[in-house]
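Participant: Letter by letter, the chains look like this.
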Amino acid sequence: MYEFEFKRPGTIADAVAALGAEEAQALGGGQTLLPTMKQRLAAPEVLVSLSGVPEMQGVCMDDAGRVCIGGATTHATVAAEAADNYPALAHLAGQIGDPAVRNRGTIGGSLANNDPAACYPAAVLASGATIVTNAREIVADDFFDGMFTTALDDGEIITEVKFPVPEAASYQKFLQPASRFALTGVFVAKFPGAVRVAVTGASEEGVFRWTAAEEALSADFTPDAVAGLAVSPDGMISDLHGSAAYRANLVKVLTKRAVAAC
Amino acid sequence: MTKVTMTVNGKSVSGAVEGRTLLSDFIREGLRLTGTHVGCDTSQCGACVVHVDGKAVKSCTMLAAEAEGAEIKTIEGMANPDGSLSVIQQAFQDHHGLQCGFCTPGMVMSAAALLAENPSPTESEIRKYLEGNICRCTGYHNIIKAIMAASGQSVADVAAE
Ligand code: FES
Ligand code: FES
Chain A
106 MYEFEFKRPG TIADAVAALG AEEAQALGGG QTLLPTMKQR LAAPEVLVSL
156 SGVPEMQGVC MDDAGRVCIG GATTHATVAA EAADNYPALA HLAGQIGDPA
206 VRNRGTIGGS LANNDPAACY PAAVLASGAT IVTNAREIVA DDFFDGMFTT
256 ALDDGEIITE VKFPVPEAAS YQKFLQPASR FALTGVFVAK FPGAVRVAVT
306 GASEEGVFRW TAAEEALSAD FTPDAVAGLA VSPDGMISDL HGSAAYRANL
356 VKVLTKRAVA AC
Chain B
300 MTKVTMTVNG KSVSGAVEGR TLLSDFIREG LRLTGTHVGC DTSQCGACVV
350 HVDGKAVKSC TMLAAEAEGA EIKTIEGMAN PDGSLSVIQQ AFQDHHGLQC
400 GFCTPGMVMS AAALLAENPS PTESEIRKYL EGNICRCTGY HNIIKAIMAA
450 SGQSVADVAA E
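Those protein sequence lines, which keep their order, are chains A and B.
Each number in our numbering corresponds to the 1-based position in the first sequence with 105 added.
Each number in our numbering corresponds to the 1-based position in the second sequence with 299 added.
Treat each hint with caution, since some may be false.
List time: in silico BS3-like cross-link candidates among lysine-lysine, alpha-carbon distance up to 30 angstroms [said to hold, decoys possible]:
| hint | chain 1 | residue 1 | chain 2 | residue 2 |
| --- | --- | --- | --- | --- |
| 1 | B | Lys-354 | B | Lys-427 |
| 2 | A | Lys-143 | B | Lys-427 |
| 3 | B | Lys-372 | B | Lys-354 |
| 4 | B | Lys-427 | A | Lys-357 |
| 5 | B | Lys-310 | B | Lys-354 |
| 6 | A | Lys-357 | B | Lys-354 |
| 7 | B | Lys-302 | B | Lys-354 |
| 8 | A | Lys-143 | B | Lys-372 |
| 9 | A | Lys-361 | A | Lys-267 |
| 10 | A | Lys-361 | B | Lys-302 |
| 11 | B | Lys-310 | B | Lys-372 |
| 12 | B | Lys-310 | A | Lys-267 |
| 13 | B | Lys-354 | A | Lys-267 |
In case anyone wonders, no lab produced these hints; they're calculated from the structure.
Okay, chain A solo, but in the shape it has when bound:
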């Protein structure tokens, strides 16, 4: 790792001020960023840890019935504390990485990084969640902008994520056992009158909504409703773990499993 200056502010305001420095970078739990810095693929001059900001911690419910999660909340905390109010989300958090990774990694860090195979982006997009930053609120449909890219401006921090709770939901992750990311993962969320289906790990553009399946499932919420749909392998990730066609097939298989599990 190259040298950098380390800062650990105690408030969002101080964190935003610290991130105003040249080449400053926010640090969530560091489970992706620190390995990236060790490989010298990232070399911030100032690293601003968000782990000491109490106002960005924890899980609660708001008046609109949404599950609200502080940006610096770890996966382990979400797995434990969202279990009653949004079990599919808690289940997703409890499958990220391994226990030690879940004790450090945070929801805000995962979303800001927008790894094309990360789990949280699928939950956020399928739930139609709202990303709250120090400056504004961003709806899920406007947040993800292709792999490793989001609508966040430089120095903007995810302070909270608000999840509307669906009637039924399920996340099906086809594990890539070495990285423990999703080889492909599908999150299905059934709301009154609408179904949302978000897919991670498959597309070169990062997380996306499978709108054809959403329409089919809105009319008929059964696994067979997507049986006749085709998923094009164009633009799907192809690597030694799975070809584009394999991932395209997984999208359909996992969607069916998710509906069956709802």
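Based on these hints, arrange chain B with the ligands on the given structure of chain A.
Facilitator: Frame of chain A; chain B with the ligands shown alone:
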């Protein structure tokens, strides 16, 4: 350099660290507690697992400066006060839960974190919990047996191979 202060195995310690000093480096080089092993340094093997405020963490993937004020426990803090092996450590010995021993500090720390959370885990819960701990020697079965035994459960049904 910044000064960090934390409690390690019950004792307050402090030292000067760079921003980039990893918690594993501070423990091994700064405190000379070399029981915490670094197998991969890429967050994969779990040999470096320690407890930070009671939670299992990969110390190669946390900055020492982030542990300011924290309560750290390493493998050196696991034995009983009289120096005899703790229940978990003794169970690893009794059930041959180690061969070369390189992964063992991390395995024991993960096992202790699991049993603190779930005092009577099933075999499958133990296997799941150890997903981030890699062992090149034992083939895991004896590690699972040791943890079953340490939690007071029968090891008779654990897969033999
Ligand atoms: S040395 Fe930390 S996980 Fe391998
Ligand atoms: S005993 Fe040798 S790596 Fe586990």
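Participant: Next, verify each hint and record whether it holds.
Facilitator: Here's how the hints hold up against the structure:
no.: 1; hint: B:Lys-354 to B:Lys-427; in the structure: holds (16 angstroms)
no.: 2; hint: A:Lys-143 to B:Lys-427; in the structure: holds (28 angstroms)
no.: 3; hint: B:Lys-372 to B:Lys-354; in the structure: holds (9 angstroms)
no.: 4; hint: B:Lys-427 to A:Lys-357; in the structure: holds (27 angstroms)
no.: 5; hint: B:Lys-310 to B:Lys-354; in the structure: holds (18 angstroms)
no.: 6; hint: A:Lys-357 to B:Lys-354; in the structure: violated (38 angstroms)
no.: 7; hint: B:Lys-302 to B:Lys-354; in the structure: holds (23 angstroms)
no.: 8; hint: A:Lys-143 to B:Lys-372; in the structure: holds (25 angstroms)
no.: 9; hint: A:Lys-361 to A:Lys-267; in the structure: holds (27 angstroms)
no.: 10; hint: A:Lys-361 to B:Lys-302; in the structure: violated (54 angstroms)
no.: 11; hint: B:Lys-310 to B:Lys-372; in the structure: holds (10 angstroms)
no.: 12; hint: B:Lys-310 to A:Lys-267; in the structure: violated (41 angstroms)
no.: 13; hint: B:Lys-354 to A:Lys-267; in the structure: holds (26 angstroms)
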